[in-house]
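Let's have the full structure, built from the sequences with the hints guiding it.
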Amino acid sequence: MSSVYNHSILELNQVRFMYSRNKDLIDNLTFSIGNGEFIGLLGANGSGKSTILKLSSGILEPSNGYVKLWGKLLQSYNNKDRAKLLCYLPQVFDINVPFKVRELVSMGLYPYDIPPEIGVDDALEIVGLTEKSESYITNLSGGERRRTFIAMTLLQGAGILLLDEPLANLDIKYRIELLRLLRELQKKKNISIIMALHDINVALQFEKVMLIKDGKILGFGNPKMVLTEGMLQEAFGVTFEIKKSDDGSMYISYENMIPSVPPVNPKNAFG
Amino acid sequence: MPKIKISLLITISIIIFLISIFWGLRVINPFYLNDIDREILLSIRLPRVIVAMLMGMALGASGAILQGILRNPLSDPYILGISSGASLSAALGLLFGFYSFGRFSIPLTAFIGASLVSVMVGAFGWKRAGLWPERLLLAGIGLSFLFHAILMLLISISTNEKLRIALLWMYGDLSMIDWSLIPYGLVLITTGLFISIFRAKALNALILGDEFAHSLGFSVHRERLFFFISIALMTSASVSLGGMVGFIGLLIPHIMRFFIGADSRILIPASAIGGGTLLCLADFIGKIIMSPMEIPSGIIAAIIGSPYFLYLLRRRDVLSL
Numbered sequence: 001m002s003s004v005y006n007h008s009i010l011e012l013n014q015v016r017f018m019y020s021r022n023k024d025l026i027d028n029l030t031f032s033i034g035n036g037e038f039i040g041l042l043g044a045n046g047s048g049k050s051t052i053l054k055l056s057s058g059i060l061e062p063s064n065g066y067v068k069l070w071g072k073l074l075q076s077y078n079n080k081d082r083a084k085l086l087c088y089l090p091q092v093f094d095i096n097v098p099f100k101v102r103e104l105v106s107m108g109l110y111p112y113d114i115p116p117e118i119g120v121d122d123a124l125e126i127v128g129l130t131e132k133s134e135s136y137i138t139n140l141s142g143g144e145r146r147r148t149f150i151a152m153t154l155l156q157g158a159g160i161l162l163l164d165e166p167l168a169n170l171d172i173k174y175r176i177e178l179l180r181l182l183r184e185l186q187k188k189k190n191i192s193i194i195m196a197l198h199d200i201n202v203a204l205q206f207e208k209v210m211l212i213k214d215g216k217i218l219g220f221g222n223p224k225m226v227l228t229e230g231m232l233q234e235a236f237g238v239t240f241e242i243k244k245s246d247d248g249s250m251y252i253s254y255e256n257m258i259p260s261v262p263p264v265n266p267k268n269a270f271g
Numbered sequence: 001m002p003k004i005k006i007s008l009l010i011t012i013s014i015i016i017f018l019i020s021i022f023w024g025l026r027v028i029n030p031f032y033l034n035d036i037d038r039e040i041l042l043s044i045r046l047p048r049v050i051v052a053m054l055m056g057m058a059l060g061a062s063g064a065i066l067q068g069i070l071r072n073p074l075s076d077p078y079i080l081g082i083s084s085g086a087s088l089s090a091a092l093g094l095l096f097g098f099y100s101f102g103r104f105s106i107p108l109t110a111f112i113g114a115s116l117v118s119v120m121v122g123a124f125g126w127k128r129a130g131l132w133p134e135r136l137l138l139a140g141i142g143l144s145f146l147f148h149a150i151l152m153l154l155i156s157i158s159t160n161e162k163l164r165i166a167l168l169w170m171y172g173d174l175s176m177i178d179w180s181l182i183p184y185g186l187v188l189i190t191t192g193l194f195i196s197i198f199r200a201k202a203l204n205a206l207i208l209g210d211e212f213a214h215s216l217g218f219s220v221h222r223e224r225l226f227f228f229i230s231i232a233l234m235t236s237a238s239v240s241l242g243g244m245v246g247f248i249g250l251l252i253p254h255i256m257r258f259f260i261g262a263d264s265r266i267l268i269p270a271s272a273i274g275g276g277t278l279l280c281l282a283d284f285i286g287k288i289i290m291s292p293m294e295i296p297s298g299i300i301a302a303i304i305g306s307p308y309f310l311y312l313l314r315r316r317d318v319l320s321l
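Sequences listed follow chains A and B, in order. Residue numbers for the first sequence follow the working numbering, so the first one is 1 and each next one is one higher. Residue numbers for the second sequence follow the working numbering, so the first one is 1 and each next one is one higher.
Be careful, since some hints might not be right.
Said to hold, decoys possible - Pairs of lysine-lysine residues, derived as DSS-like cross-links and limited to a Cα-Cα distance of at most 30 Å, are as follows:
hint, chain 1, residue 1, chain 2, residue 2
1, B, Lys-127, A, Lys-84
2, A, Lys-100, B, Lys-127
3, A, Lys-100, A, Lys-189
4, B, Lys-201, A, Lys-213
5, B, Lys-201, A, Lys-84
6, A, Lys-72, B, Lys-3
7, B, Lys-201, A, Lys-132
8, B, Lys-127, A, Lys-132
9, B, Lys-3, A, Lys-54
10, A, Lys-132, B, Lys-5
11, A, Lys-189, B, Lys-3
12, B, Lys-201, A, Lys-68
13, A, Lys-224, B, Lys-201
14, B, Lys-201, A, Lys-54
Said to hold, decoys possible - A few chain A residues that don't get close to chain B, going by computed Cβ distances all over 10 Å:
hint, residue
15, Ser-32
16, Lys-68
17, Arg-82
18, Leu-89
19, Lys-100
20, Ser-133
Note that these hints are calculated values from the structure, not bench results. Every residue gets a Cβ at the ideal spot worked out from N, C-alpha and C, and that includes glycine.
This is the structure in structure tokens:
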């Protein structure tokens, strides 16, 4: 078994995909991730982040190339077995059906005939929704909904999580909590996570990032190496200034990028 | 909690079932049956009540499933065009003198039409190895309009008196029911119900969206096909048993969602029981309230159900609207 850990657990090889004819969105995409890796997938809107996650999870099938999960072709898995190994959490969930939080979270157990050791209550506690377990999902705030789905994902117990913008529309408090939670899971249970992002400052905190433009990988590796001013300029079409804080960590400064709003003269404002 | 509510639902359903067979213009004492009572009970009331129950069950359950797979709260089983196909087919059968099966003729032609239309809607909804909700919905609406237009054309140019009989029948006339059709209806409707209840987890996942369903280990297209077959079986059977009854397929699933929750494993059987009970009650009221004139059960069902539905809508805690 030990040799398995040296191998990639999820591998995309020369993957090609197009939504409509004559327009390649993803072409010749090759990368692999190892066990327990926490990867930020960074790119501008429409760069193909979601498509890469959907290809990796088997929701979309490549027209060329292949995706392998634990060394076996992704399509060769039966659905339930695949769901126990790999879980994809979409970015948007518009739900108008009044499921209760507990009902929704427990759907994470659907791939299992015999439930795994972690229970619905544990999952709810981890995401801090114990008190809302009987609430209707339709009455929750955006952040609470997202945490409900994260709890469902935890319950599903897959070793690979593909998360599409899980931090979007979350308050800063929950962003930090969610990142902390995912990091803990990664450390404790050796879970591998690929997370689509668009905040460069968050990406700078990752051990590994993949920078995407037009469905191609611009860079993959340590953020300090990948997220250079030149690369970011190419990926986003904006010139950033990367600064170093006193403790040596890097951050993007938005100073001087956005013209400051001139103070309103009260006399003018009220005519 | 759900157990209490389900027991309550089943109790209400049994009470209404018993009232409708023993009460009416002639009140029958179940412990004192004379020959006339027995005849009324077995030949008239029982088959009628059973058909109302079966139709209501089929409509309630298929409404709950359809709203789930189309992810659209406004769907009702008739939106797929199955019923208008059945009407048109029954009318054509009458016009071209298809009487070879006696009193089976109308239900049989209706069933053939309903099945053909189900296949057509399925074919239009099929693309890239799967059924797509939007395509199904639009194909159903398109075909519905087409069949309705042809039916209206036939009515406006034909002088055939039989056409009117077919039309009356299509709009939910349960007064001519006898035992002969019940076995077929029972088999088709219970088959449809079993398919869907057996796969209810997949419906829950599909309600969240295709991507969730895939991630949770379901084959999205295969599951949707199973549900479509289940709806087609139940709706076709229901239309050919006693024509069209509005309201139930659309609103019973919503009422049951308020009452019992959204989990399809409970919602599908609950909508079946609720639909059956409401149609049975509506038919009973329609029969006695202005007798000897009968009011179509669809009208009564809407008159009883809508205010309750509107009342529930006021309790906004369960709706995000």
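Hints and how they fare:
no. : hint                  : in the structure
1   : B/Lys-127 - A/Lys-84  : holds, 29 Å
2   : A/Lys-100 - B/Lys-127 : violated, 34 Å
3   : A/Lys-100 - A/Lys-189 : holds, 28 Å
4   : B/Lys-201 - A/Lys-213 : violated, 38 Å
5   : B/Lys-201 - A/Lys-84  : holds, 16 Å
6   : A/Lys-72 - B/Lys-3    : violated, 45 Å
7   : B/Lys-201 - A/Lys-132 : holds, 23 Å
8   : B/Lys-127 - A/Lys-132 : violated, 40 Å
9   : B/Lys-3 - A/Lys-54    : violated, 40 Å
10  : A/Lys-132 - B/Lys-5   : holds, 22 Å
11  : A/Lys-189 - B/Lys-3   : violated, 38 Å
12  : B/Lys-201 - A/Lys-68  : holds, 28 Å
13  : A/Lys-224 - B/Lys-201 : violated, 45 Å
14  : B/Lys-201 - A/Lys-54  : holds, 23 Å
15  : Ser-32                : holds, 21 Å
16  : Lys-68                : holds, 18 Å
17  : Arg-82                : violated, 7 Å
18  : Leu-89                : violated, 7 Å
19  : Lys-100               : violated, 7 Å
20  : Ser-133               : holds, 14 Å
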